[in-house]
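What follows is each chain in one-letter form.
There are 2 protein chains.
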Amino acid sequence: MYREEDLHPFDEATSLTFENDKYSGKTSKAYGNMIGPFGGVTAANILKAVMDHPAREGEPISLTVNFAAALKDGGFTIEASPTRTNRTTQHWYIELKQKDSVSITGTAVFARRKETWSETEAQFPEAPQAKTIPSLPTEGLPAWLGQYDMKIVKGLPNLAEPKIVKDSTTIQWIKDEPNRPLDFLSLTSICDGFFPRLFVKRNEIGMIGTVSLTVHFHADMETVEAVGEEYVLAKAWANTFYNRFFDQVGEIWSTKGELLATTNQMVYFRK
Amino acid sequence: MYREEDLHPFDEATSLTFENDKYSGKTSKAYGNMIGPFGGVTAANILKAVMDHPAREGEPISLTVNFAAALKDGGFTIEASPTRTNRTTQHWYIELKQKDSVSITGTAVFARRKETWSETEAQFPEAPQAKTIPSLPTEGLPAWLGQYDMKIVKGLPNLAEPKIVKDSTTIQWIKDEPNRPLDFLSLTSICDGFFPRLFVKRNEIGMIGTVSLTVHFHADMETVEAVGEEYVLAKAWANTFYNRFFDQVGEIWSTKGELLATTNQMVYFRK
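Chains as they are written, first to last, in the working numbering: chain A, 1 to 271; chain B, 272 to 542.
These are calculated hints, taken from the structure and not from any lab test. We treat Cβ as the ideally placed atom computed from N, Cα and C, and that holds for glycine. Treat the hints loosely; a few may be bogus.
Estimated spans, in silico, between C-beta atoms of each pair [stated by the list, open to error]: (1) A:Glu4 x B:Ala341: 45 to 51 Å; (2) B:Ser286 x A:Glu126: 33 to 39 Å; (3) B:Pro325 x A:Leu159: 43 to 49 Å; (4) A:Asn86 x B:Lys434: 30 to 36 Å; (5) B:Phe395 x A:Asp11: 44 to 50 Å; (6) B:Ile435 x A:Gly75: 47 to 53 Å; (7) B:Ile476 x A:Asn86: 20 to 26 Å.
These stretches of chain A come out as covered by chain B in the derived footprint (C-beta under 8 Å, 3 or more residues) [unchecked claim]: (8) 38-49; (9) 88-95; (10) 115-125; (11) 142-152; (12) 163-170; (13) 173-181; (14) 210-216.
Given these sequences and hints, build the entire structure.
Dropping the structure here:
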């Protein structure tokens with residue numbers, strides 16, 4: 001049971017200690033998935049290794065996380081190396097290991113933002129207000145879903161009626177459960193906080209695993225932090241399912257209509 | 272002047288020699304951009320270092336290329352390391368250096384494809400047939416544009432009338448000039464073969480530079496190679512331009528309506 005004076009479960013799950021140029025962390029039961037931990041929190045840990053690094057300059061612009069192996073519950077180490085530091089941008093390579101074997105690799109671009117002419121072309125998804133939608137009951141679902149309050153506007157897999165639908169789009173309001181102010185780490189995790197497109201497309205559970213996840217950040221720290229404990233509106237869809245791999249495209253919006261991040265992933269499926 | 276018995280300029284530009292676990296290559300004047308070489312060919316070289324590698328298994332699924340520094344015209348070395356090899360997937364980290372300093376980093380996921388249930392949700396863009404559209408005259412433009420035959424259906428920057436437009440979408444037919452059968456390398460390069468969204472959005476040239484490019488491959492080698500010397504239909508748009516960075520999303524389609532690849536990049540702009 002979480003009490004307000006405790007560390008928030010997400011902060012516990014992304015708690016890293018830094019020693020001899022290496023981080024140590026451990027997977028969190030609270031964010032367990034069907035097998036191993038929820039990938040969103042793993043991606044957040046990869047980003048955190050850069051965010052926390054003494055050499056880090058600027059804010060995240062781009063993050064790619066490659067899931068080379070299913071993480072096992074338990075400890076891991078992360079090494080984050082700046083590959084190049086420029087005046088405006090900084091590039092990073094990150095490796096997460098379990099028992100000396102590489103499980104996750106990642107690259108990140110950080111940059112110093114500066115106010116410029118700006119304009120958003122993407123359209124804020126049509127959705128009724130969060131308060132009008134019931135929260136998804138998470139009992140009996142993998143643990144990580146209990147760490148989010150999701151209000152699914154459309155695109156919830158209907159396992160009672162397994163059939164292939166034409167459009168696998170999901171639109172959902174989502175925030176941390178219990179409440180936690182949004183930051184780049186939880187935003188990264190929320191980029192993976194969807195039911196996999198295959199489940200929505202076929203209205204059945206299948207054997208899947210993300211192999212590569214990219215997040216592009218479109219907001220600065222101030223904008224992200226201004227979201228506070230509000231819901232964000234998240235939309236995901238697929239371009240194609242083809243011979244063992246499908247993609248998942250996502251957008252994360254603030255209620256004010258700011259596009260916070262876009263995300264793309266490639267996901268393995270068995271059949 | 273290119274003669275049929277010569278190496279195709281694209282093959283010359285992606286020609287790597289492998290020695291002591293390291294590749295050597297050099298930039299190609301034929302694919303020169305405003306400053307340094309065209310990023311698409313650089314991305315193709317990063318992919319080629321894996322494609323050619325004796326340890327490589329399977330076909331490309333995902334590729335991320337980070338442009339840490341503007342490449343200088345001249346020689347470079349590439350090191351490609353398999354970070355993990357599984358039964359179905361193989362993960363790679365790639366670094367390109369000039370004079371011992373990292374200019375480009377990349378990660379790639381390769382996999383053994385297998386026939387499964389498949390379905391495409393993305394819509395083939397509406398466009399008149401290639402033969403009805405004139406090819407873009409490339410005289411006076413950066414060299415790389417002369418290496419492509421582009422037929423722009425919509426979204427060609429109109430520099431005579433600099434003004435901000437609402438929709439920066441481009442749709443274009445594109446193929447190598449001179450003809451060359453499509454493969455994963457030229458497909459990767461074509462993923463970057465658009466005028467930058469900023470130029471289309473504001474109908475003026477600005478100072479820009481891609482910082483990170485991701486390609487997701489949605490076709491196997493047979494499908495890609497079956498395109499041969501046909502045009503592919505390419506569509507690109509932007510989600511947002513925000514405080515020094517904008518994104519560019521792209522789709523590459525075969526004339527038969529197969530989605531060959533999707534791509535996302537984050538691009539620096541000065542103002």
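> Among all the numbered hints in the text so far, which are the ones the structure does not match?
Replying inline: When the structure is compared with the hints, numbers 2, 8, 11 and 13 turn out to be violated.
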